[in-house]
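Produce the complete structure using the sequences and hints provided.
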Amino acid sequence: MQKGSTHEEFALKQTAPKIVGLGMMIGGDKVTAAYGLVEQMEYLYVRVVKAKELTKDVTGSFDPYVEVKVGNYKGITKHFEKKTNPEWNYVFAFSQDRLQASYIEVCVKDKDVVLDEMIGEKLKKGEIMLAVWRGTQADEAFCDAWHSDAAAVGSEGISRIRGKVYLSPRLWYIRVNVIECQDLLPSEKNRQPECCVKVVCGNQALKTKICPIRSVNPMWNEDLVFVVAEPFEEPLVITVEDKVGSNFEFLGKCVLPLSIVPRRLDNKPVPSKWHNLEKHTVVEGEKKETKFARLSAMKSKDGQGTTDAYCVAKYGPKWVRTRTIIDSFSPKWNEQYTWEVHDPCTVITVGVFDNGYLQGGKCTSIGKVRIRLSTLETEKVYTHSYPLIVLQPSGVKKMGEVQLAVRFSCTSYVNMLSKYAQPLFPKMHYAHPLSISQQDFLRFQTIQILSTRLGRAEPPLKKEVVDYMLDVGSHIWSLRRVKANFFRLMYVVSPIMAIGKWFDQICHWKNPLTTILIHILFIILVLYPELIVPTFFLYLFLIGIWHYRSKPRHPPHMDIHLSHAHAVVPDDLDEEFDTFPTTRGPDRVRMRYDRLRSVGGRIQTVIGDLATQGERFHSLLSWRDPRASALFVTFCLFAAVVMYVTPFQIVALLIGLYLLRHPRFRHKLPSMSTSFFKRLPARADCML
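Read in UniProt numbering, the sequence shown has 89 at position 89, and its numbers run on one by one without any break.
None of these hints come from the bench; they were simulated from the model. C-beta: ideal position from N, C-alpha, C; glycine also. Take the hints with a grain of salt, since some may be wrong.
[Claimed, not checked] Label-pair distances were calculated between CB atoms; the ranges are: (1) P581 <-> N177: 39 to 45 Å; (2) N177 <-> G395: 24 to 30 Å; (3) D471 <-> Y413: 30 to 36 Å; (4) C345 <-> A498: 26 to 32 Å; (5) D587 <-> R134: 50 to 56 Å; (6) D471 <-> N72: 44 to 50 Å; (7) K419 <-> A498: 28 to 34 Å; (8) D587 <-> N177: 42 to 48 Å; (9) V599 <-> Y491: 18 to 24 Å.
Okay, here's the thing in structure tokens:
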């Protein structure tokens, strides 16, 4: 291909369409006309308005519809069941360029299961109202008409292919300036709260920072900005929360309809205003306690959001399902169920779903709650409103709240405590254990059987409900879960790290008084070694008694911070919600593969370092480094002779005093033993 032709192919080209407004000027003004910038297309319009006095046939069923034919093009209206005076008001548009006949054929037919029949010949009287005219695409009936260009599309699909003008809603910014609160009432009267304010507007949620000064009159002066569209449907929900440990307690709420929010169109400041925080709602002039939280809209009905909610609870082999509350954001079930507890160290799961089968769809999960029975006190009634939290491709979202009342009872306290010492599984599980692959296969088959059996019930529990209740897919790779499990592991080992840090401070005499007391305790334990084990258990007992004051008062619930859902990035969510096998493009898969290789590389390095340390221990006696092994064997002989002739208490006392020596007798260089160990050979040198 020549260079000039290539340039011409991608160049801008002039066209000369036959349009009305092309360069025509009259009196200095352009000629204005409908569709003046496009070529006119001629159409033959046929409007079927209505029919009357269509007498029913002898069978008593008459379902009329109209068929309009022009040549090979045929269009039909929808049919009415058992109607003698139907009204269609439906327009057919036949392209003038493709007309293949000089006449229009209009037939009124009766819809039948076997064969549709013409009913015009059977009527003694009867009329049909039509309108026929010629026009262009500028006709107002053009947009909603049936077109001969789309004759292959059925009447049900016309709405999906027709042109339409869409108008974006008018958008507004909502700026919420959170200034201060006064006279807050925390759950503990003698405790100063750590407060923050959470503002929710529809699917948007923002939160202020925690007030640095713990007070019942906190101050923030922070701006939170939202975007909303007309008409305003969602209110502005302002909640004050108190941070207690790792959780947040509800202190009060204020609901502001956006219709009462002043609109600021200039630079004039909006005066601040106090709003009352309520732990109650006002219903018909009476203050009533809020017991049922609002759920989010799960689908659309008649142009408005709606939810048909029901609950499913599962414990052991017993599943229960509440009735469905139709079209309610605050459903009240008030249904009570009882399970026989086979083990206190088990979990009951309660899920909330939207019944989508009323509209021919699937049931959508709103959220679920897991309650471990061992965390409940016996015979105590727990009444809490649990947040319904789901993780969506757009991020974590609170879908509403569900209020539960739970009581754990037992007839024999001794039998319940004896369960803690019994095996978790039957004897055969330990006599003939299953492999990991067998467990995965059997778990999958169990879920399939449960889905099939429960799906046969009436009303059925469909597969999507069973899968959600049983956490199907939780084993699929997720970078978010990896991070969450890593932080869980760090939380577990943090006490060991804290002990190591504390011992390092003792050794460096950061607090001389504490170090002296540790010296005294160490000398006592060395001189009386029989006190070591009792002292250890006494220490654990005292720690347990000390922590009893701050034991959890509420059952645990879904924690977005523990799940690492509050800080997850969009690409991690897209990867987590991807199908298996993946359906993403090669570029996205390549990027994720490279990221996984990076994470795997760091894990590989850590595993290699651990293997290196272990191989150095092995090389002490393997004579891989003959000089190092000779030094270590000589040291072992010397240590054995010293330990034989010296009492153990004196050796332990000298070692302990050496480790606890004053910083004046320390130097910053590593010890001889550390340097010797790091010089030992490892098999990393032999790896490719």
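Results of checking the hints against the structure:
{"no.": "1", "hint": "P581 <-> N177: 39 to 45 Å", "verdict": "violated, 50 Å"}
{"no.": "2", "hint": "N177 <-> G395: 24 to 30 Å", "verdict": "holds, 25 Å"}
{"no.": "3", "hint": "D471 <-> Y413: 30 to 36 Å", "verdict": "holds, 32 Å"}
{"no.": "4", "hint": "C345 <-> A498: 26 to 32 Å", "verdict": "holds, 28 Å"}
{"no.": "5", "hint": "D587 <-> R134: 50 to 56 Å", "verdict": "holds, 53 Å"}
{"no.": "6", "hint": "D471 <-> N72: 44 to 50 Å", "verdict": "violated, 58 Å"}
{"no.": "7", "hint": "K419 <-> A498: 28 to 34 Å", "verdict": "holds, 33 Å"}
{"no.": "8", "hint": "D587 <-> N177: 42 to 48 Å", "verdict": "holds, 43 Å"}
{"no.": "9", "hint": "V599 <-> Y491: 18 to 24 Å", "verdict": "holds, 20 Å"}
The structure does not agree with the numbered hints 1 and 6 stated previously, though it agrees with the rest.
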